[in-house]
Structure formats: C-alpha cells, structure tokens
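Residue numbers (my numbering), protein chains in the order written: chain A, 203 to 485; chain B, 203 to 485; chain C, 203 to 485; chain D, 203 to 485; chain E, 203 to 485.
Hints listed in this document are in silico derivations from the structure and should not be mistaken for laboratory results.
Wrong hints could be hidden among the right ones.
Pairs count within a copy or across copies, as identical chains cannot be separated in the list.
With a straight-line Cα cutoff of 35 Å, these simulated DSBU-like cross-link-like pairs (lysine-lysine) come out [claimed, not checked]: (1) Lys368 - Lys440; (2) Lys332 - Lys440; (3) Lys251 - Lys478; (4) Lys251 - Lys261.
As the structure is a prediction and not an experimental result, all values here were calculated from the model.
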Amino acid sequence: MPELPSAPITLEGSSVLHQMYRFDWEAWKQRSNEEKREVEEEVVSLLAKWEKGTGDSAKNQSAVFSLIGHKGDLLFLHFNDSFSGLNQIELELAQTRLNAFLIPQHSYLSVVELGLYESSAKTYAALAEKGLTQGSPEWDAGVQELVQRQSSAMAQRLFPSIPAAKYICFYPMDRRRGEARNWYTETMAERQRMMHEHGMIGRRYAGSVRQIITGSIGFDDWEWGVDLFAEDPLVFKKLIYEMRFDEVSAVYALFGQFFIGIRLQTGDLALWLRGKLTSSNSI
Amino acid sequence: MPELPSAPITLEGSSVLHQMYRFDWEAWKQRSNEEKREVEEEVVSLLAKWEKGTGDSAKNQSAVFSLIGHKGDLLFLHFNDSFSGLNQIELELAQTRLNAFLIPQHSYLSVVELGLYESSAKTYAALAEKGLTQGSPEWDAGVQELVQRQSSAMAQRLFPSIPAAKYICFYPMDRRRGEARNWYTETMAERQRMMHEHGMIGRRYAGSVRQIITGSIGFDDWEWGVDLFAEDPLVFKKLIYEMRFDEVSAVYALFGQFFIGIRLQTGDLALWLRGKLTSSNSI
Amino acid sequence: MPELPSAPITLEGSSVLHQMYRFDWEAWKQRSNEEKREVEEEVVSLLAKWEKGTGDSAKNQSAVFSLIGHKGDLLFLHFNDSFSGLNQIELELAQTRLNAFLIPQHSYLSVVELGLYESSAKTYAALAEKGLTQGSPEWDAGVQELVQRQSSAMAQRLFPSIPAAKYICFYPMDRRRGEARNWYTETMAERQRMMHEHGMIGRRYAGSVRQIITGSIGFDDWEWGVDLFAEDPLVFKKLIYEMRFDEVSAVYALFGQFFIGIRLQTGDLALWLRGKLTSSNSI
Amino acid sequence: MPELPSAPITLEGSSVLHQMYRFDWEAWKQRSNEEKREVEEEVVSLLAKWEKGTGDSAKNQSAVFSLIGHKGDLLFLHFNDSFSGLNQIELELAQTRLNAFLIPQHSYLSVVELGLYESSAKTYAALAEKGLTQGSPEWDAGVQELVQRQSSAMAQRLFPSIPAAKYICFYPMDRRRGEARNWYTETMAERQRMMHEHGMIGRRYAGSVRQIITGSIGFDDWEWGVDLFAEDPLVFKKLIYEMRFDEVSAVYALFGQFFIGIRLQTGDLALWLRGKLTSSNSI
Amino acid sequence: MPELPSAPITLEGSSVLHQMYRFDWEAWKQRSNEEKREVEEEVVSLLAKWEKGTGDSAKNQSAVFSLIGHKGDLLFLHFNDSFSGLNQIELELAQTRLNAFLIPQHSYLSVVELGLYESSAKTYAALAEKGLTQGSPEWDAGVQELVQRQSSAMAQRLFPSIPAAKYICFYPMDRRRGEARNWYTETMAERQRMMHEHGMIGRRYAGSVRQIITGSIGFDDWEWGVDLFAEDPLVFKKLIYEMRFDEVSAVYALFGQFFIGIRLQTGDLALWLRGKLTSSNSI
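Starting from the given sequences, assemble the full structure and let the hints guide the process.
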C-alpha cells in the first residue's frame, strides 16, 4: 500500500494581524484638550469603520483591547480577507495622529485555520483505496473536493466575527521538534488520537470560552497563534492548565509570550485615553 | 477503573500585578523643588489610597519597593479583586506626574493560587469510588463542593494582606517539560509526593519568611510567580538553596529573573525621591 | 577504498542582501509636501537605477517590499555581483534623504547557492574509481570541471532576476547539529536521499511559488536564507507545512524569523509614502 | 540510617553589588571644564568615602574599574554589610552629577559565600551518629555551632578587602540541572569529591590570582558570581581553561557573560574622565 | 602511571579587541563640510598612528573595516601588547570627534592563541616518563621550557601583522559541553586526533585565506574568536562549510554571530565618510 501524506488537510479563512503597542502617555499629556479630542475622534471613527468591516462579506473587522503589563498598553486585532488588506490597515493606522503615541512592541501575522485531522485520515484512506497515488491529479481533485465542501460548511468558523467577550488571551505556540520527541515524526494516526483528546477538553469549556486558532507557519515566528475570549479571565488559566496535562500539550507544545487584554468598545477608547477603563469605572 | 484527572484542583484568589520601573533621576533633578513636592504628594496620596484598599473586602492593596540593581529602581506590587481592577490601576498610575520618570522594565500578571494536591487526590478517588465519571455533572458538583469549602476555609490565604516585611524576593518559574524529564507526564501520586516533600522544607522556614504563590498559566510568560517576604534577605538564599536539592526543584524547576526589593512605606517614597532609603538612614 | 568528501559541491551566484527597516512615520509627517516629493523622487530614481541593474550582466538588481507587522515596514532586497557591491549600495542608501526615516531592524547577507547533491555523489565516485585521492590536483581539477560545466548550465538560476510576484516570504534556517540528531554526521547518501524527497515536494509547488535558496555559512548567523515568491501568500504556508513533515525538515531543520512582504513597484513606493499600498487601493 | 541533608552548609559574609555602566562621552564633552572639575571632585570624594568604608568594621568598601569592550565602560564594585546599605549606595550614586553620564548596562547582586563541603559532611555524619534527626533542635544547634565557629575563623575571607590587583574578571555561573546531568541530584559525597579536585587547581594559582566567590541563589539570575583579581590578565584564561577540564566544570558549569576591568584608583578616575587610563600613560 | 593533564599547552600573543559600531549618518550629514574634514583628518591621523603601531615591537596595530548589514557599519580591529593598551585605545577613540557618530553594537576581547596539541602530548608523556608529577616544580619547568622555545619559534604567528586582504570574516565559537557530547570530557588523544584532521582542511585553504585564532576563555562570552582574511569572500563559505562536516566542528562546535567587513585603508575611511567604498568606486 502506498504511503499516505503526513500533513493533515487544513482550511484557511480570515487573515489576522495582532498589533501590540505601548502608549506614550507623557507625549499625550502635552497635547491640548482640543488636540486630544481631535485625535480621539479620528481614531474612533477609523475604528468604527474597521469594526463594521467593509464590503459585502463583512470579513473585515478590527477590535481594540487594553493590555495589562509592560508588554504593551493597546492591542489592535484585525481580521481581513487578505494580507495586503492587513498591510493597508497598518498604513492607515500609521497615518493617524494617534500613531505619534504608539510605540510598536510586538505583532503577529496568521490566518484562521481549521485542521481536519479526522476528515484527512478518512479522505486519504478512501483515495488510496481507489488506487490513487498521492500527488496525482485525481488525488488532488479528491482532496480539493473535501476542502471545498468543508470550507462551505465551516464558513462561519473560517471567517468569524471577533467575539464580544470582555477579556482576550493571545499566545503563539509550536509543536515540539526535539531530538527525542518530535511531533512531525509521529504517525498521522497518533497525532489524530492526541488532537482528539485535546479537543475533548476544549469542548468542556465551550460554554465559557471562545477559541480561534490561527496558523502562522511561513508567516510568523511560531507555528500557531491562539486567541481565547472569555468574560472571566480565570477560565484561561483553568483551560490551559488542564490542557497542559494532555499528551499533545505536555509533550509536544512549546509556548511563546502570553498577552491579556480587556476589550475597549469604540467609545471606550476615548475614555481610555483619559485614563479610564470604562465609563462607570465600576470594575 | 476510569482514569482520574491529571491536573490538581487549584483555588484562586487575588489578582496580582508586579510593575518594575527604572526611575529617570536626571529628568527628576531638573524639576523645581516645588514641583517635586507636588509630585510626591500626588503619588503618596495615591499610594495611601491603594494601600488602604477600596471597598469592604480590603482585597485591593498596593505596596512599593526600592529595587537593587539595574533591573529596576521601583517595584509597584498590586493585589486586586480583578484583572480589570489591575488595569485601571495601571491607567491611574500612568496619569500621575510621577509617570514621567518611570521607565517600564518588566511586569508580571498572576493570581494567588493554592494547589490542593492532597485534597484533589482524595476527592478524585472518592468520586471515582461512587462510580462517577470525570466531566459528568455529578463529578463536577463534587469538585465544586470541595473548591467552595476550601475557598472559604482558606480565604485569608487566597486574599492575603501584603506582608509588612522589609525585603521582597520575586521570581517566576516553570515546571520542566523536557524531552526526558517532564513534570506534566508524571503521575498525580508522584507529583503529590514530591510537592509534599517540597512543602516540608518551606514549613521549616515558616517563622522567618512569608511566601505567596501566584499562578500565571495563561496570563504571563511563566507558569508561576513566587513572592517571598522576610526581614533578613539571607533567608531567601538559604531557603531556595536548600529547596534546590529537592527532587521537584532539582529535576523539574526552571527559574526566571530574580528581583530583590526593600519595602518603602508611604512616607518613605518621598524620602526615596530625595535619595534616601530611610529617614534615619541607619542602614 | 578511500573516504569520499562529506560536503556536497555547491555553486554560488549572486551576492544577496536583505535590509529590513522600520519607517519613522512621525518624522516623515513633519516634512513639507515639497520636501516629501523631493525625497520620493530621489529614492524612486535610485531604485529605478538599482532595479535596472548596472553593467552588461544585469546581475545587479534591487526590489522593495512593504513588510507586515512590527518586525519592519520596508524590506530592500539587493542582488549584486559582489559583497563590495552590496556594501556600496548600503552606503548609497545611507546618503539618501530617505535614510533619515529608516530605522535598521534586521538584515541578511548570503549568496545564491545550488547544492549539487546528486552530481557530487556521482563525481566523487567517478574520481575515486579512477584511483584519485581527495585533495590531489587531479581530484580538484575533476571537481572544478563539474563546477564550471554546471555553473554555465545553471547561470540563469545562479544569477536570477528577482521574481515579480506580489508576495515575498523570507526566513533563515540551519541544519540541526544536536547531540543525538546531527545533519553533519549523516552520510552523504542519507543526506542525498532526504534532500531528494524534500525536492519532490518543492517540485509540486513549482507552478505557484518561486524559491531562491541562498547560502550564508560564514556570512551571517544562520546557514541558509530562503526566499519564496508567490501571488497568493497561502502557498507559503501550504508548502512549508507540508515540508515540515519531511524527514529533512522534521528532524534537521531549525528556523529563524519569518518576514512577509508585498512588492512595491518603483512608482508604488511613492504611493506607500502617502500611506497607500497601491494606486487602486483595491486590495 | 536516616537520610542526610543534600545541601552543604554555607557561610555568608559581605553583601556585594556590581554595577556596569556605559559612559556618555558625548554628553560629557559638552560640559565646561569647570563643570567637569566639579563633577570629578564630587565623585572622587564620594569614592574616597566609599573606599575607606564606614563604621568600625570596615566592611563597607567600593572600587571602580575601567571596563574593556561594549558591555560597559565603568564597573562600580561595592562590598557592604547589608542589602539596604547597597541600595543606599545606589541612591547616593544616582544623586551625583556623574550619574547624568552613566547608562546602566548590567549589575549583579550577591553575598560572599564559603561552601563548607568537607565540614558539612563530617558534621552531618557526627550528628547522625549521635542519633539526631535532621531538622530537630539538637541537629540545628549542632549545625549552628559549626557555622559560628567557622564564621569566626574565616571572618577575613567572609568580609574581605577588595584586592588591589590591576585587573578584575567577573562572571556569573550556574551548576547544570540538565535532563541527564544534574548537579543537584548528585550525592553529597560525589559533589564533595568534585569540588575538592576543583579546589586543587585553584590552589596552584593562589600566588597569581585572588578569587572571591559570591552566592546569588535567590538574589540574581545566576547561582554564583566569581570575581578574580590579578596583575596579569592571562592568568584568568590559564586558570579558567585548565579548570574547564575538571569534572565539575566540564560537566556541571554553565557560564554567563565575562567582564574584564582595570582598577582605577581614586585619582585615576579623574584622569579617566580626561581619556587617560593612568597618569604615566605607560601602558 | 599518573594521570596526564587534560588541557593542552597554549601560547599567547597579541591582545586583540574588535569594536563594532553603527554610524549615525543623519547626525553626520548635519555637520558642515569644514567640520567633516576636520573629523576626517583627526581620525585618519589617529588610524595612521595606530596602524603604524608604537614602540619597537610593532605589536600594536589597528585596522578599520566597512561592515555589511545591520549588525554594524564600522569594525575597528586592534592588536596590542596588553589589555590596558587596548583600553587606552578605547579611551582615545572615545575622545575623538568621530565618536559622536559611533553607536556601539558589539565588541570582542581575546588574545592570539596557538594550541599545542601535538607538542603537549609529547611533552606530557616525556615528563611523565621521567617520573615527574604534574604540578611539581620540575614538571612546570619542563612545560615552561616548551612554552618559551615555541614562543620564540612562533613569534611571527603570536604577534602577527593584520593581513592586508580585502575581506574579513569574524565569528566567536565554543566547544560544546552538552549532556551527551562534551569536548571537555574527551580524552586528550581523541581531541588531538580531531584537531589534527581539522587542521588538514585549513591547510588546503592556506593559499587563499589567512586565519588568526584568538582565545577568550575568561575574557569574553565565547571561548574563541576566529578571524579569516581573504581577497574573495566566497572562500569563507567554502572553508567553513567543508569544515562543518569535520568531526570536531560537526559534533563539538557552537558558533556565535558572523561579521563580514571590507578593509578600509587609511585614506579610504575619508572616502567612506562621503559614502564611497573606494576611490575608483569600481566594485
């Protein structure tokens, strides 16, 4: 029997850019109240435009978060239908007067990704049973058929709205490629089994946390980015701690920096610029 | 017999933010004495407010420490009842005139955590004996019952006052997930045994050092933060050196940067701004 | 039988320099429109000169890309017939008025490289069969004969034009020299086999992505640089993800930072300086 | 027989702070000669005060070194009887006019440490033979008795004068806690044996180099700091190279950054500020 | 038979400092032509002085290189008869007006080193055959006799002139001290064998590249620095790539950053400051 492919089939959706900035409060304070109001109006209207998205598909959205700690003060999160769209947003933000107070600290470029471990295994087996060879036109057509069917079925998850939850948790991660333990030399069946167990835990948290996985192989310095959205940030810790004992995480997951932010609605950004997280300040 | 959970049950308390800053002495020196006094009064009154805490619970407190070495000059330590509360404090500090002299160097976001290794093992065993399955509503109710009972019993330790000791030692740490030695693939019983031995050492130092463990999985770049408080800083060295030979530390502990600070009482910060650690200067 | 050489024969072509810069938008905004136009004209004419290349060979070319994310805003990519030529270009760019807005972030120095795994094995075997000893004048002559023949045959690939595709993906990489898994202690035959399988995947993507491999052993901090050019950036992810399961990548590849850019034609740079990625803005 | 403690008994002496600074020569040049002389006088008198030390014990001393290379231009080395004393010195230095030209690059906080491997083994064995249990009051009294006796006997080494040699070499180090080779899981007897062999080499260099070991577990980012003092810097290389083949160094030592400095006597600092290492300039 | 020493005997020669700087072109452009000429004259005359060297021995020399890439623009390479001499040169450079445009990026401190693997083995064996013990006065005298004889014989290589080649390649390196593969626990005979094979490759490149090895154990953050000098930079890649398959490099070598520079003759530096690499510009 011919060897089956090792890489699972993935579906890709929105292009995603995370931008983390420090805010230069001392420069900001030196501006007149009138100037501050103008800057606020400019950025709030730009955000409103981005948040609504453009075009029919509403694939283009942006959101702002107030970050906790020295790794940044503001996180701009953009979902777009292309990388060039994301780059144009960067250029637009750079042209604003707000940009004078934004000191770039970090960013992350990725695309929404759904890994089809179970469908891939079935599809590869079915194609191989038909006597098709990997890489042949018929094989590729069989894979494409799956991709298109699933992409339609999962359009909502591929081009998601940015969840409205109060808190965001973002972190990048890799699968380990160690000398002794190497995700990429495990068999497809083993990886599928481990990913399935991993997913079972996530499912138990479905009611309290929304998760968006983005792939960044070839795009940024880690293989995946993970965004979690929840009303209660403790859920981030509970979920990730429980998962850390999973075989796939315990043995094969390597983590980058963690960023925690609080969602700023369009109006809240103007408040934030006055040093208040929310209008009620009832936090 | 069904497999028992791998993750111990944890209790969570206060949200905690460490902020490490360099102080821009040269900018400070250029201000008039009158301006310096105004800045001092503003920050001392803000600190007094934070130190008292707000609301009934007195869960909200802050303290300031003079750091030794180039990693920072001032450490602001905040205990709060929420992450948004911590973020609001950051915004308030940014609005002060003192902020013009504070250069962010580092920070750490975490929550007070108590790991219930022994209770977890007993509870899991008891629930499993009743024939309950992990993740079932009855199982979860059994776990919740433990969490609530213990949270009440340990409220003092979950929402602690910031100890009044002269010295603080802060460092973050991970449990090793190496290719050959991996904490997260050890059995619950083994981890419980090692944590118990570890705790025995800590107990011998109970009279001379106060320890507050905070969890930061999902919140910051290490898994835990450790704060030690003592009148004599040598105790930090003695304790950590002795523990380093523990199995759990020797084999499974990875350490980040260490920060050593000296507590500044509210009035002492004004002195500090004049270059004196204490009024008596009798150090 | 005498031991054969371990290193494959490589052919070298163009000298290549990647320059990654942040752009200081705030300083730029402070210039008058007239000054901006002058800067634009200066740099566009310099780029046009570089893009055309100089001399008969047209070996000297340059291209500019708009980078996504905080790792840089502009990427200047230079192909030249010598390292001193690249250094002269650096000096020329430094003399422009644009240079006042360019903040160096990263760079990469390398030469186009073709690794002749298959020819090397054959040539080494043939020379050894003739009874020649490695390092003898006759042996060296035999190798040189291959190098010259292949260099002529592959001149197009050794001194390539910069592909005109919309997107670029650049990253440096090493072959692992671990304690247990070490590329450089594998036999030539094993390395040849793994490189062959690796190449098979690349071939399947030949229609949608152009790849230029540059060698940087002795020149920069990684062993190779990889440039991929495509109209659709998703292809970068698909290609690299599929390759990651290859034995040579799964076990032996270590990756540096990834940079994603969008090609700016000469005229587009002037637009970019006004905050627009393309004239149509139809992205 | 009960298990004996794993940690050797250590004696602690002076608190030590290394401060590494770059010197801002361009800012310095802009000052008038009169102002420079004033700054020189201020710092020379401060240094003279620190060098003399304060109080009866003469435990408090400071010295200045001219550093070679980009890691710093000046090293201030302070020995003090407490961490708060060191922090007060930092604050005093920050108040000087010299501080305007000092750019912090690095620092290291530690205490003079003597590890009593041989006495520890004997004492533990003797206490165990008496049937005492580790951690019991009688056991602790037995250990304390040793500590006090040895501290008196070794007071000179615990509170040393800063050696007057021309050159200093400072570096921090760790004992390896690897997955396969781990200092902290070796037996006391094995560690004692290796430390003894290590010490034999040091003894052969006793005539040409003075060594001060400081412990920094719990205080700074490495476990120990090593200061070497010699008239001929080649001795640093000879000593450390020979030791690198020792079992304890070859297998278990991890090294941080190395700093090389040249002692500036009080008067020499004023010369240094005029760009001369020594008055004779006969170097 | 008594154990022989593990460390080979080394000879040491010139003290060497590499200084890597970025050049602040924008600040430079703001100076008047007259001022620029004065700065040029000052530095060219200083370089001429350094290049000639001082004293009888002509051990003191300096050279300047134009660096390629963001890691630096200028490399100052100094050979001197002492570390204090190098530090004095640093101070002299800092006093020049050129210093205002030099932004320190990196440096490296080391001494020219010749490792006498073969002589060491023979000498150790001969001394042991005479019944002498390592560390005894007779043993040390025997070693010293070798050192002095060889130092005289190799004076040219210990105090070399800076080669006049067009290109320089500098990088630091370590010998691996891994948990499984450790250079420092290999036997002297094994190390001697591997170093011998390593040297054989170098010998084949002797006509096209000059190599100067400097030792930096105890002086800087890596164990050795390597300087290669060649007319054709491709030779650096060929040599290092071929060596990478050597046992000693493949298994035991760890490399730091690579720096590539182009020699600027004294007059060329003045041209360089006008943005030209050479007067002919025929590169």
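Quick rundown of the hints versus the structure:
1. Lys368 - Lys440: both (17 Å within a copy, 34 Å between copies)
2. Lys332 - Lys440: between (45 Å within a copy, 25 Å between copies)
3. Lys251 - Lys478: Both, since 23 Å and 17 Å are each at most 35 Å.
4. Lys251 - Lys261: Cα proximity of Lys251 and Lys261: one copy only (13 Å, versus 40 Å across).
Of the hints listed earlier, there is not a single one the structure fails to meet.
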